[in-house]
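*Asks:* Okay, here's what each chain looks like letter by letter:
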Amino acid sequence: MGAWETQMRKGVVELAVLAILARGESYGYRILEQLHRLDGLELTESTVYPALTRMAREGLLAIRTQPSPSGPPRRYYRLTPTGAKRLGQMAASWHALVGSLSDLLTQNEGATPP
Amino acid sequence: MTTTTMMTEAPARPLTRDARHLIDARLDTIDRMLVGRLPRADRIAIARDVELQIHDLLQERDTENELGRDDVLEVLARLDPPEAFLPEESLEISGSLPVRLAAVGATPRSTPTHAGVAPKPTWHAKASGVLGIISLVLVFLVPIAYMLAMIAGSELLLWGGAVATIIPAFITGLLALIFGLIARPKTGWAIAGSITGGLAMLGSMVLGAYLILILLASSR
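Protein chains in written order, with my numbering: chain U, 1 to 114; chain C, 1001 to 1220.
Warning: the hint list may mix true and false statements.
[What the hints assert, rightly or not] Taking CB as the label site, the calculated pair distances span: (1) 1032/C / 69/U: 25 to 35 Å; (2) 1181/C / 90/U: 38 to 48 Å; (3) 81/U / 1181/C: 31 to 41 Å; (4) 1069/C / 66/U: 21 to 31 Å; (5) 5/U / 1167/C: 32 to 42 Å; (6) 59/U / 1032/C: 23 to 33 Å; (7) 73/U / 1032/C: 14 to 24 Å; (8) 1068/C / 23/U: 36 to 46 Å; (9) 1070/C / 111/U: 50 to 60 Å; (10) 1021/C / 98/U: 40 to 50 Å; (11) 1036/C / 23/U: 32 to 42 Å; (12) 1126/C / 111/U: 46 to 56 Å.
[What the hints assert, rightly or not] Among chain C residues calculated to face chain U with C-beta under 7 Å, some are: (13) 1042; (14) 1045; (15) 1051; (16) 1055; (17) 1060; (18) 1062; (19) 1080; (20) 1084.
None of these hints come from the bench; they were simulated from the model. Being a predicted model, the structure only gives us computed values, none of them experimental. All C-beta atoms in this analysis are idealised placements derived from N, C-alpha and C, irrespective of residue type, glycine included.
Use the sequences and the hints to build the structure in full.
*Replies:* Pasting the structure below:
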């Protein structure tokens, strides 16, 4: 895996987590499982859990704790209005970026190499 | 914003004391990786998410018995090693996201221990350590060469021995100190190299000055 690919994946952690939580509240491991089902992301707990904690600290996520018989209280994360707004902004940027790069790559494929 | 609610889940299968210790050790190591980088509340939150994941993975295991050390080791092998929680700029080996072990039961990249994970020494650190030790050995050879020269009554041996030990001791000590500073004295090798290199430089300068004084005294 190239370094650029690593950076790209790390850059989309926040967007991916916010997008998953837009479907409803969830907890760390379940979010991780949902991310694993997405081809190409391959995000692991060492990336996702710190991101969840950071976003909660920034007010993008709210936390509901629930006692768990199998360990410490389970922390359920959900989007706050600020988080939903950030998701909208990030999604718009993402679509613009993907659109521009796709156009560029399509043009390159049609062009004759020097 | 944090709220607490009550909800029932299936009762968990018990863990042996060994298994519990292994989990605690892993969580402690992750916490140590994050000390100084994240607020305490964030570190606790991350450790709790990891702990819950470990418990969830353990509960998924197909066994009726008490969960033991081997069960926990297999689960831990599926997780990122504690070093993966370090920010990327802190890792000496960069260029990839933490790679999860493909197979359960495969050799873990990091064996959970109660001790923290020491930083891996760079070649600068190792070179510093080796050069530092060599420089110190050379300094100790100076008085031996001096005594042999006195016993033999050979001025050639005296000055030949001095040149062959003091100058290399000073140069290797200087290099050990430079490499140690480049590597930053965080590993045992770099610390040893910086200290022994510095001592060797000091020793070789003192011995060199002493021999020069002898030379000056004998020439009068």
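*Asks:* So, for every hint listed, does it hold in this structure?
*Replies:* Now the hints, each set against the structure:
Between residue 1032/C and residue 69/U the beta carbons are some 28 Å apart, a value that agrees with the proposed interval 25 to 35 Å. Between residue 1181/C and residue 90/U the C-beta distance comes to about 43 Å, which sits within the given range of 38 to 48 Å. A hinted range of 31 to 41 Å is violated for the C-beta pair residue 81/U and residue 1181/C, which are about 51 Å apart. The hinted range of 21 to 31 Å is satisfied by residue 1069/C and residue 66/U, whose Cβ atoms lie roughly 29 Å apart.
Range check, residue 5/U to residue 1167/C: Cβ separation about 51 Å, and the 32 to 42 Å hint is violated. The hinted range of 23 to 33 Å is satisfied by residue 59/U and residue 1032/C, whose Cβ atoms lie roughly 28 Å apart. About 23 Å separates the C-beta atoms of residue 73/U and residue 1032/C, a value consistent with the hinted range of 14 to 24 Å. Here the CB-CB span from residue 1068/C to residue 23/U is close to 37 Å, well matched to the stated 36 to 46 Å.
Checking the proposed 50 to 60 Å range against residue 1070/C and residue 111/U shows it holds: the Cβ atoms sit about 58 Å from each other. One distance hint, 40 to 50 Å for the beta-carbon pair residue 1021/C and residue 98/U, holds here, with the actual separation near 48 Å. Remark: the range hint 32 to 42 Å for residue 1036/C to residue 23/U is upheld by a beta-carbon distance near 36 Å. For the pair residue 1126/C and residue 111/U, the supplied restraint of 46 to 56 Å holds, since their beta-carbon distance comes to about 50 Å.
Look at residue 1042/C: its Cβ gets to within about 4 Å of chain U, closer than 7 Å, so that hint holds up. Interface hint status for residue 1045/C: upheld, as the beta-carbon distance to the closest one in chain U is roughly 5 Å, under 7 Å. A hinted interface residue such as residue 1051/C counts as satisfied when its beta carbon comes closer than 7 Å to some beta carbon of chain U; here the least separation is about 5 Å, so the hint holds. Interface restraint check for residue 1055/C: the shortest CB-CB distance to chain U comes to about 4 Å, inside 7 Å, so the restraint holds.
A least Cβ separation of about 10 Å between residue 1060/C and chain U goes past the 7 Å threshold, and the interface hint is therefore violated. Given hint, residue 1062/C at the interface with chain U, is violated; its Cβ is 16 Å from that chain's nearest Cβ, farther than 7 Å. Hint status for residue 1080/C: holds, given a least beta-carbon distance of 4 Å to chain U, under 7 Å. Taken as an interface hint, residue 1084/C checks out: its beta carbon lies about 4 Å from the nearest beta carbon of chain U, inside 7 Å.
In the structure shown, a violation is registered for the earlier hints numbered 3, 5, 17 and 18, in ascending order.
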